[in-house]
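Colleague: These are the residues of each chain, in order.
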Amino acid sequence: MKNVLGAVCGASCLLLAVPAMAETTLTIATVNNGDMIRMQGLTSDFTAKNPDISVKWVTLEENVLRQRVTTDIATKGGQFDVLTIGTYEVPIWAKKGWLVPLANLGADYDVADLLPKIRDAVSVDGKLFAAPFYGESSMVMYRTDLFEKAGLKMPESPTWDFVIDAAKKLTDKSAGIYGICLRGKAGWGENMAFLSAMANSYGARWFDEKWEPQFNTPEWKKTLATYVDLMKQAGPPGASSNGFNENLALFNAGKCAMWIDATVAASFVTNPKDSKVADKVGFALAPNTGLGKNANWLWAWNLAIPAGSKKTEAAEKFIAWATSKDYTKLVASKDGWANVPPGTRTSLYQNPEYVKVAPFAKLTLASIDAADPNKPTVKPVPYVGVQYAAIPEFQGIGTQVGQQFSAALAGSTTVDAALSAAQSSTEREMKRAGYIK
Amino acid sequence: MARMATTRRVAVSTIAAWLCGFLIFFPILWMVLASFKTELEAFAVPPSFLFFHWTTENYATVQERSDYFHHALNSIIIAGGSTLIALLIAIPAAWSMAFSPTKRTKDILLWMLSTKMMPPVGVLVPIYLIFKTVGLLDSRIGLVFILCLGNLPIVIWMLFTYFKEIPRDILEAARMDGATVGRELVYVLTPMAIPGLASTLLLNLILAWNEAFWTLNLSTSNAAPLTVFIASYSSPEGLFWAKLSAASTLAIAPILVLGWFSQKQLVRGLTFGAVK
Numbered sequence: 020m021k022n023v024l025g026a027v028c029g030a031s032c033l034l035l036a037v038p039a040m041a042e043t044t045l046t047i048a049t050v051n052n053g054d055m056i057r058m059q060g061l062t063s064d065f066t067a068k069n070p071d072i073s074v075k076w077v078t079l080e081e082n083v084l085r086q087r088v089t090t091d092i093a094t095k096g097g098q099f100d101v102l103t104i105g106t107y108e109v110p111i112w113a114k115k116g117w118l119v120p121l122a123n124l125g126a127d128y129d130v131a132d133l134l135p136k137i138r139d140a141v142s143v144d145g146k147l148f149a150a151p152f153y154g155e156s157s158m159v160m161y162r163t164d165l166f167e168k169a170g171l172k173m174p175e176s177p178t179w180d181f182v183i184d185a186a187k188k189l190t191d192k193s194a195g196i197y198g199i200c201l202r203g204k205a206g207w208g209e210n211m212a213f214l215s216a217m218a219n220s221y222g223a224r225w226f227d228e229k230w231e232p233q234f235n236t237p238e239w240k241k242t243l244a245t246y247v248d249l250m251k252q253a254g255p256p257g258a259s260s261n262g263f264n265e266n267l268a269l270f271n272a273g274k275c276a277m278w279i280d281a282t283v284a285a286s287f288v289t290n291p292k293d294s295k296v297a298d299k300v301g302f303a304l305a306p307n308t309g310l311g312k313n314a315n316w317l318w319a320w321n322l323a324i325p326a327g328s329k330k331t332e333a334a335e336k337f338i339a340w341a342t343s344k345d346y347t348k349l350v351a352s353k354d355g356w357a358n359v360p361p362g363t364r365t366s367l368y369q370n371p372e373y374v375k376v377a378p379f380a381k382l383t384l385a386s387i388d389a390a391d392p393n394k395p396t397v398k399p400v401p402y403v404g405v406q407y408a409a410i411p412e413f414q415g416i417g418t419q420v421g422q423q424f425s426a427a428l429a430g431s432t433t434v435d436a437a438l439s440a441a442q443s444s445t446e447r448e449m450k451r452a453g454y455i456k
Numbered sequence: 003m004a005r006m007a008t009t010r011r012v013a014v015s016t017i018a019a020w021l022c023g024f025l026i027f028f029p030i031l032w033m034v035l036a037s038f039k040t041e042l043e044a045f046a047v048p049p050s051f052l053f054f055h056w057t058t059e060n061y062a063t064v065q066e067r068s069d070y071f072h073h074a075l076n077s078i079i080i081a082g083g084s085t086l087i088a089l090l091i092a093i094p095a096a097w098s099m100a101f102s103p104t105k106r107t108k109d110i111l112l113w114m115l116s117t118k119m120m121p122p123v124g125v126l127v128p129i130y131l132i133f134k135t136v137g138l139l140d141s142r143i144g145l146v147f148i149l150c151l152g153n154l155p156i157v158i159w160m161l162f163t164y165f166k167e168i169p170r171d172i173l174e175a176a177r178m179d180g181a182t183v184g185r186e187l188v189y190v191l192t193p194m195a196i197p198g199l200a201s202t203l204l205l206n207l208i209l210a211w212n213e214a215f216w217t218l219n220l221s222t223s224n225a226a227p228l229t230v231f232i233a234s235y236s237s238p239e240g241l242f243w244a245k246l247s248a249a250s251t252l253a254i255a256p257i258l259v260l261g262w263f264s265q266k267q268l269v270r271g272l273t274f275g276a277v278k
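One line per chain: the protein sequences are A and B, in this order.
Each number in our numbering corresponds to the 1-based position in the first sequence with 19 added.
Each number in our numbering corresponds to the 1-based position in the second sequence with 2 added.
Among the hints, a few may not be true.
Claimed, not checked - Cross-link-like lysine-lysine pairs, in silico, DSSO-like; alpha carbons within 27 Å at most: (1) A:K114 - B:K134; (2) B:K134 - A:K330; (3) A:K204 - A:K295; (4) A:K115 - A:K450; (5) B:K108 - B:K118; (6) B:K134 - A:K75; (7) A:K115 - B:K134; (8) A:K329 - A:K75; (9) B:K134 - A:K329; (10) B:K134 - A:K95.
Said to hold, decoys possible - Distance ranges between label pairs, derived from CB positions: (11) A:K292 - B:S50: 15 to 21 Å; (12) B:A255 - A:D435: 49 to 55 Å; (13) A:N82 - B:I17: 41 to 47 Å; (14) B:Q265 - A:A169: 55 to 61 Å; (15) B:P121 - A:K344: 46 to 52 Å; (16) B:G82 - A:P120: 43 to 49 Å.
Note that these hints are calculated values from the structure, not bench results.
Cβ atoms here follow ideal geometry from the backbone N, Cα and C, with glycine treated the same way.
Whole structure, please, built from the sequences with the hints as guidance.
Modeller: As structure tokens, this is what we get:
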């Protein structure tokens, strides 16, 4: 009996010990975006090349993920080995010492191939703290058939005057067609992403060189008044609750003549499976007012390693795999070139196969090149970031201001009142945080 | 004449009840319908009610992308475990407060309830640090423990109100016959309070099953229940309503079935206590 018991115990110990010795399990936190889900589906390629590493995925909605990951990283919980974070978090977290610098991505990784604007956005003091998985800017997507019918021709780099005029001409509310669809839902990553980028093109800025909020300037007034007026005349009803997804659905259903939003939407609106207008979409740069700045933003989803992880070597191997040129080729071989993650590497835009299937490739690259996180607007600013200011307080401030601007769009407050409320709430927060006295 | 008026009144109240029932059930019905639509149809304005292209594609995608059964098993263990432990602690506690109250009983009851008045996010960081130190992050035991603690005040309060309805004389009669405290609790009190116990158990099970703050924040993959499974289908960039609806339908299905079969006990238990 004793022997049998001993044997069973021995066998159990062996069973427990074997996988522990051979395998490193990476826990990867990511957002539920199409490109990330595709990466999840292709994990077997990575594990086949690295048999000693297994991968566990935690997929969450962007805001839930941000809160979850922030709690873990601030308490050094060590629950995640690879994080998916945006360009907003990278500089803030890197300066706090929460991220591990990526110094061993391998000889064939080719860091120089990363798009310079994106590489700058994920580097601090010349060190790469995250590897871009996909990058995006914003641009105008428009209905070529409606433009043709109205006798209009969209320039490659339109002015706001042209866009406003065209939106009003193309609106046919009785037929359910609206000249322009823009974000209105409150949030620093929702309406404020669009409005900050639009404000840049009108020469407005969030803060002056001394961190004083600037909502009391004529530039902001012009921006918000133009936006509210345009949406009232040529926007869809209930626009103050529309975000990216709602506008995507409206555009795909043929209800919008123009939509200014993330370049990543280009592949959705041209996909005949999801869009009724897939073959009638044209692209142009985000509008400008002749001041030298277009109303487009810059964003990238990146993979980074939290300082609490004990498996940095394996994590870096995974990041190198997922953001490499080979990964792009792998996606192309499985799902076609149109589905490769865009906006991170120069080589992708030189690839004739990609350019052939992605009519939006040239404009995406031009939009990314046109955005400069270090000089986002006409006048100088003390912060980094095009549609955000990369300071920890921005999430709260941006959302508060977004709520005011969304209320102005809904008509429950005036443009002047919204700007004045935005100015006082931002001043209060900036004083509390010690930026101004 | 009087009979006609009564019949009409019955008909009107029946129709009103059905209408109310339908209105309350409508969001769930809409979710189930959306789970059988394509993403484009799920977002369509005006929406189509029944005449759309029915597809089970979303269920296939959800099953392919995530392990439903792993999450469902975690939900069963976490919700079931926390409910059972909460009942084991709450029955003696409620008994002592109902039948041997002291000067401080009322204060203790109020103090217990006051723990529910604080938003959970206020204690997230301390709890997270404690869990990290004792190695309970992403463990089922940790989640059972935290959900049990979270729901304990409600369980004790509910049982306390049920127990108070039971006449003390019956318990005294049992004592006269020589029953010990344990026997009195097991053979006299518990059988009499079964409807109350059943509804407390069911309500607590539902609360624990749907709890989404602690389960999302304290688990990653091993202990992740169905709330995490649902949360993984929401997206800021991309159409996801149909897939999210399919995931939600799968997540609520077990508790919906359980609630359906036990509705008699649930209704009886809820109308048995102090609120009549």
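Colleague: Next, verify each hint and record whether it holds.
Modeller: Quick rundown of the hints versus the structure:
no.	hint	result
1	A:K114 - B:K134	holds, 24 Å
2	B:K134 - A:K330	holds, 17 Å
3	A:K204 - A:K295	holds, 24 Å
4	A:K115 - A:K450	holds, 21 Å
5	B:K108 - B:K118	holds, 16 Å
6	B:K134 - A:K75	holds, 19 Å
7	A:K115 - B:K134	holds, 21 Å
8	A:K329 - A:K75	holds, 15 Å
9	B:K134 - A:K329	holds, 15 Å
10	B:K134 - A:K95	holds, 9 Å
11	A:K292 - B:S50: 15 to 21 Å	holds, 18 Å
12	B:A255 - A:D435: 49 to 55 Å	holds, 52 Å
13	A:N82 - B:I17: 41 to 47 Å	holds, 43 Å
14	B:Q265 - A:A169: 55 to 61 Å	holds, 59 Å
15	B:P121 - A:K344: 46 to 52 Å	holds, 47 Å
16	B:G82 - A:P120: 43 to 49 Å	holds, 45 Å
Comparing the model with each numbered hint stated earlier shows that all of them hold.
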